[in-house]
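> Below are the chains, spelled out letter by letter.
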Amino acid sequence: MKNLFWIGVILSMLVIPGCKKTEEATAFGDFSLKVKHEVEGEALKTDALIYTNAAGNRYMVTEIQWFISDIQLIKEDGEALGITQNVDENIFYIDTDIEETHTINSSYPIPSGNYSGIHFTFGLDKEANKSHRFVNPPESFMFWPEYLGGGYHYMKLNGKWINETGAIEPFNFHLGIGQEYDEGGKSGYDLFEFGDRGHYQHCDGYMPPQKLNSVTAFIHNNFSLKLPLNFTIKTGEPVEIDLIMNIEKWFYGYKVYDHDVWGGAIMQQQEAMDIACRNGVEAFSLRSEK
Amino acid sequence: MSAKSFILKTLLAFTISLFLTGCSNDKPAFPDEPGYKPTPYEIEIPYAFPTKLNIPNDNPMTEEGVALGRFLFYDGRLSGRTHPDSLMSCSTCHIQENNFEPGIDHPVFEGGFVHGLTGQQTHHVVLPLVNLVWNHSGYGWNGGIYKNNDNPNFRTIEDFVRIAVMASDEMDGDTNQVKALFQSLDGYPELFYKAFGSQQITFNNIEKAIAQFVRTFVSAEAKIDRYLRGEEQLSQPELNGFILFTTEEGADCFHCHGGFGNPLFTTHLFYNNGKDTVFDDLADRFAITGDIMDKGVYKAPTLRNISLGGPYMHDGRFETLDEVIDFYSHHLQVSEQVDPLMHHLLRGGVQLTPNEKADLKAFISTLHDENFLKNPAYSKPKKFPDEP
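Order-wise, the sequence lines are chains A and B. At position 22 of the first sequence the residue is numbered 22 (my numbering), and the sequence of numbers has no breaks. At position 315 of the second sequence the residue is numbered 315 (my numbering), and the sequence of numbers has no breaks.
Just so you know, the hints here were simulated from the structure itself, not pulled from any lab data. Given the structure is predicted, the values throughout are model-derived calculations rather than measurements. Beta carbons are placed, not taken as given, at the ideal position from N, Cα and C, and that holds for glycine. You may find that some hints are simply not true.
As a list, the in silico SDA-like pairs of lysine to any residue whose alpha-carbon atoms are at most 25 Å apart [stated by the list, open to error]:
1) Lys295(B) - Ile50(A)
2) Lys52(B) - Glu100(A)
3) Lys295(B) - Arg58(A)
4) Lys147(B) - Asp97(A)
5) Lys130(A) - Glu231(B)
6) Lys295(B) - Glu63(A)
Pair ranges (Cβ atoms, derived) [as the list claims (entries may be wrong)]:
7) Asn105(A) - Glu319(B): 45 to 55 Å
8) Gln85(A) - Ala180(B): 53 to 63 Å
9) Ala48(A) - His330(B): 28 to 38 Å
10) Gly230(B) - Gln85(A): 26 to 36 Å
Over 10 Å on every C-beta distance to chain B, these chain A residues come out as not near it, computed from the model [stated by the list, open to error]:
11) Thr84
12) Leu227
13) Gln270
Please construct the entire structure, taking both the sequences and the accompanying hints into account.
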């Protein structure tokens with residue numbers, strides 16, 4: 001009888017913690033982020049010359065292709081949970097022309113509980129932005145040339161605007177690693193050749209620097225955001241949060257961005273990319289239906 | 001037999017039956033005939049190339065399939081005829097030493113414009129057969145042959161083989177006649193057995209074999225490849241050209257034609273590159289998508305071995321690379337459909353100086369892959385199966 005008593009004690013010690021563990025293990029839920037591209041609160045309509053930015057440029061967007069990375073869900077106590085178990089997989093390509101890229105699902109069940117916001121990086125940070133990380137398209141088509149810093153475009157936002165002469169002009173609002181150039185030096189060409197060719201004059205008084213001179217520094221223009229939003233993850237109740245890119249906000253906030261000033265291509269104009277990225281920190285917001 | 005012995009024997013029998021069942025699932029991909037066992041063909045992925053290959057599930061590559069495809073690719077009887085004036089094969093227009101294009105100095109196809117056995121000229125000029133196993137976005141200048149096409153007969157390289165045989169501006173053939181002819185030729189039925197497990201020749205298996213062979217065409221040994229792998233330095237003019245190639249303020253070729261991060265030197269995607277203001281070609285990208293913005297839109301072809309690619313553009317309007325570079329430098333035409341990537345449009349082009357043009361051309365010459373053009377594995381067989 002005494003033995004039976006001790007066997008009972010030992011069994012209950014084994015079983016009770018086990019039950020508790022089982023209860024915790026079931027407390028998970030599913031999470032997904034729905035990426036939306038909007039202008040002034042309305043869904044983006046591509047190939048339509050119907051928008052006007054803060055500088056007064058009438059413009060259209062043909063496509064947007066971009067990377068979001070390091071997505072983390074912030075718990076009430078401040079703990080951050082990556083949306084993927086493997087950090088290297090926490091990079092997502094989004095393309096307005098590819099519907100399936102507009103949904104980002106957590107790669108594992110997320111612990112139940114109250115959350116207070118979402119953190120992410122626009123583009124890729126310095127550590128992640130390595131050439132040949134992606135060898136397959138469409139991600140590989142986002143490569144950023146080695147001469148300009150390598151890695152990948154953070155974003156290609158392509159479109160057209162009506163320029164100051166009234167003509168429709170293409171623009172490539174491409175963001176990635178910026179460069180500083182050796183204005184006094186030269187690489188493969190004599191300066192007089194640039195004189196012959198002529199600089200691209202984007203507006204009165206502004207001349208882009210010598211773009212084929214030696215690059216003296218690379219600047220990582222990516223930025224990270226922590227956006228507040230209260231939501232609760234529960235078992236059996238999948239949570240969907242909208243991540244909205246408010247396109248018009250790329251063009252004002254820190255400074256007004258004027259296509260007539262910066263022209264059709266900015267991959268080699270760090271000043272333009274800097275303004276764009278500083279504006280860009282206000283270009284994202286979260287929305288929950290619940 | 002004791003109860004214990006009975007249980008053990010039953011378990012043993014059950015285990016053996018499980019094992020045998022497992023073995024019976026391990027069938028060859030082509031179960032037609034006993035003893036048939038083809039050798040899988042592995043495509044080696046070159047440095048920085050994509051790892052995802054476009055190989056249909058119903059046509060896995062095998063050594064035997066590729067070997068058969070090589071014969072068929074070069075055999076003029078693919079037209080279904082035997083008269084010397086009526087012979088035509090894939091290789092009639094896709095010539096290895098010309099990057100599997102006809103070449104602008106072709107002795108029969110004047111200026112590189114090909115015509116079929118009926119004398120009818122093809123609608124567009126010939127595209128090269130290079131690194132097609134990495135093309136996921138559609139074959140042909142308008143991409144009309146693509147994986148998710150609603151019409152299942154217009155999806156793959158296999159389909160392109162049938163189209164080429166039947167088209168009046170190519171072989172103008174009859175697939176029944178073609179398969180019957182090859183069935184009658186000594187040696188071929190045995191090769192079909194080795195490749196597909198049946199001596200009964202079907203046109204479907206003819207398509208499959210040729211497609212397998214074409215998928216082996218890999219160009220990845222040009223000077224640029226050795227440079228990207230860190231094995232060989234480019235010259236200063238070539239480096240200058242590479243910078244021009246990959247910068248927006250230079251020639252900005254890379255957005256459509258690749259570079260360090262995309263060594264295919266094409267996106268295989270479709271663009272209006274500012275050639276025209278009026279679009280009257282009934283076989284442009286618009287013909288496939290119905291999107292008005294796809295008027296005058298065509299595939300950006302690979303620039304590998306592009307110096308051999310004349311005449312250039314979908315309609316072969318330019319004879320030389322110099323003309324092409326001049327076009328992108330100074331002669332862009334404005335239209336609503338021009339791709340936004342052509343951001344130099346209103347200046348007429350990228351405005352390269354003569355020295356810059358020379359440097360850009362020097363860089364483009366580094367995409368010339370002599371190993372590809374002379375690879376014996378892609379060459380014409382010394383003799384066909386029915387030849388002694």
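> With reference to the structure, classify each hint as holding or not holding.
Checked hints:
no., hint, in the structure
1, Lys295(B) - Ile50(A), "21 Å, holds"
2, Lys52(B) - Glu100(A), "18 Å, holds"
3, Lys295(B) - Arg58(A), "24 Å, holds"
4, Lys147(B) - Asp97(A), "17 Å, holds"
5, Lys130(A) - Glu231(B), "20 Å, holds"
6, Lys295(B) - Glu63(A), "17 Å, holds"
7, Asn105(A) - Glu319(B): 45 to 55 Å, "53 Å, holds"
8, Gln85(A) - Ala180(B): 53 to 63 Å, "58 Å, holds"
9, Ala48(A) - His330(B): 28 to 38 Å, "31 Å, holds"
10, Gly230(B) - Gln85(A): 26 to 36 Å, "34 Å, holds"
11, Thr84, "20 Å, holds"
12, Leu227, "30 Å, holds"
13, Gln270, "13 Å, holds"
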